[in-house]
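Dock chain Y against the given chain A, drawing on the hints supplied.
Protein chains: 2
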Amino acid sequence: MKIILASASERRHELMKRVVDEFEVVVSDFDENSVKFHGDFSKYVMELSRGKAENVAFKEGKDSIIVGCDTIVAHRGKVMGKPKDEKDAYNMLKALSGDVHQVFSGITIINTESHNILSDSVCTYVKFSEIDSEEILKYIATSEPMDKAGAYGIQGYGGIFVEEIKGCYYNVVGLPINRLKTMLKNFNYI
Amino acid sequence: MKIILASASERRHELMKRVVDEFEVVVSDFDENSVKFHGDFSKYVMELSRGKAENVAFKEGKDSIIVGCDTIVAHRGKVMGKPKDEKDAYNMLKALSGDVHQVFSGITIINTESHNILSDSVCTYVKFSEIDSEEILKYIATSEPMDKAGAYGIQGYGGIFVEEIKGCYYNVVGLPINRLKTMLKNFNYI
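Those protein sequences? They're chains A and Y, same order as listed.
According to our numbering, the first sequence is numbered sequentially starting from 281.
According to our numbering, the second sequence is numbered sequentially starting from 281.
Isolated chain A, as found in the complex:
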């Protein structure tokens, strides 16, 4: 059975290499707006990951293990997406400064032969230290925040804002590799 990662993210491709030796990538064209958020972050990311995995399962057909993943930033009860522009990035980082937020990833694994579907979610708490306007503007000038949910990348320059985390670090990067490995092992897929 071949393993297929349903993600366009380069970061996820790199992390997936630590989980399995060989896999293929098929990008889903799942419409994320079709999933509505009803206040439960775990459920929300699991539905998003399932949508991606199912979309690829329909396209790819038989004899595959499809892995879908979706990651969001949650702050004070709301989902924080990618910043629309630099002003939006500034406001997001200002909001996260000195505060704790959560990062949720949903993972769905579909076996297209047995039709087994397994979803799970992982949550990591992230505490930012106080950051001043000068630091935020300097960070935005690197353009790193612009394509990232919550306007920061913990694996890049944004890592300096993070005082501590509780949970899986790689979940914050975008793929909770330890949990994914456990799920795949439990089903004898690896």
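Relax, there's no trap hidden among the hints.
One copy or any two copies: either way a pair holds, since identical chains are not told apart in the list.
Straight-line distance between alpha carbons at most 30 angstroms, and here's what the computed DSS-like set of lysine-lysine pairs gives: (1) LYS446 <-> LYS323; (2) LYS297 <-> LYS362; (3) LYS362 <-> LYS316; (4) LYS374 <-> LYS465; (5) LYS367 <-> LYS297; (6) LYS342 <-> LYS297; (7) LYS418 <-> LYS282; (8) LYS461 <-> LYS418; (9) LYS282 <-> LYS461; (10) LYS446 <-> LYS297; (11) LYS374 <-> LYS297; (12) LYS323 <-> LYS461; (13) LYS374 <-> LYS461; (14) LYS323 <-> LYS358.
It should be emphasised that the hints constitute simulated quantities derived from the structure, not laboratory data.
The following block gives chain Y in isolation, referenced to the frame of chain A:
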């Protein structure tokens, strides 16, 4: 005032770039065996970092901010060093499997003009999931464990063993960049 990092570690050099735009590297020849461990990990790593920073301060002389850092792995009350050989690496990873250990870094900053000395320590809890012999042997075959305290690198393939952490991720990599930034900022060094 120039900032000098008293470390030979490439990993620390890379992380230091996220803290300050410009710095120099001067490697200390401090004898780490001159510091004895008396049961207090925080005190131990602070003494080691101070030894490195002072060693470079004596060599470099005036008008510098010297940053020394030392990182250790602590498991069940003992310091875990770098593995002596592959068998040692296997035993270390087997001991860490399914258990929580701690990573301590000590940081010392010396201002060679004012003679101010500031030391602090950072602790991160790391929980490994259960790993089996096959996974350990596969990991050792990458040779990644051999030059690392505790026989793993969280930033490499070893990251897959880590179920969750509590504290600073970059402390586990070898330089707690958020704390170091805060220390340098508090003294107006950056």
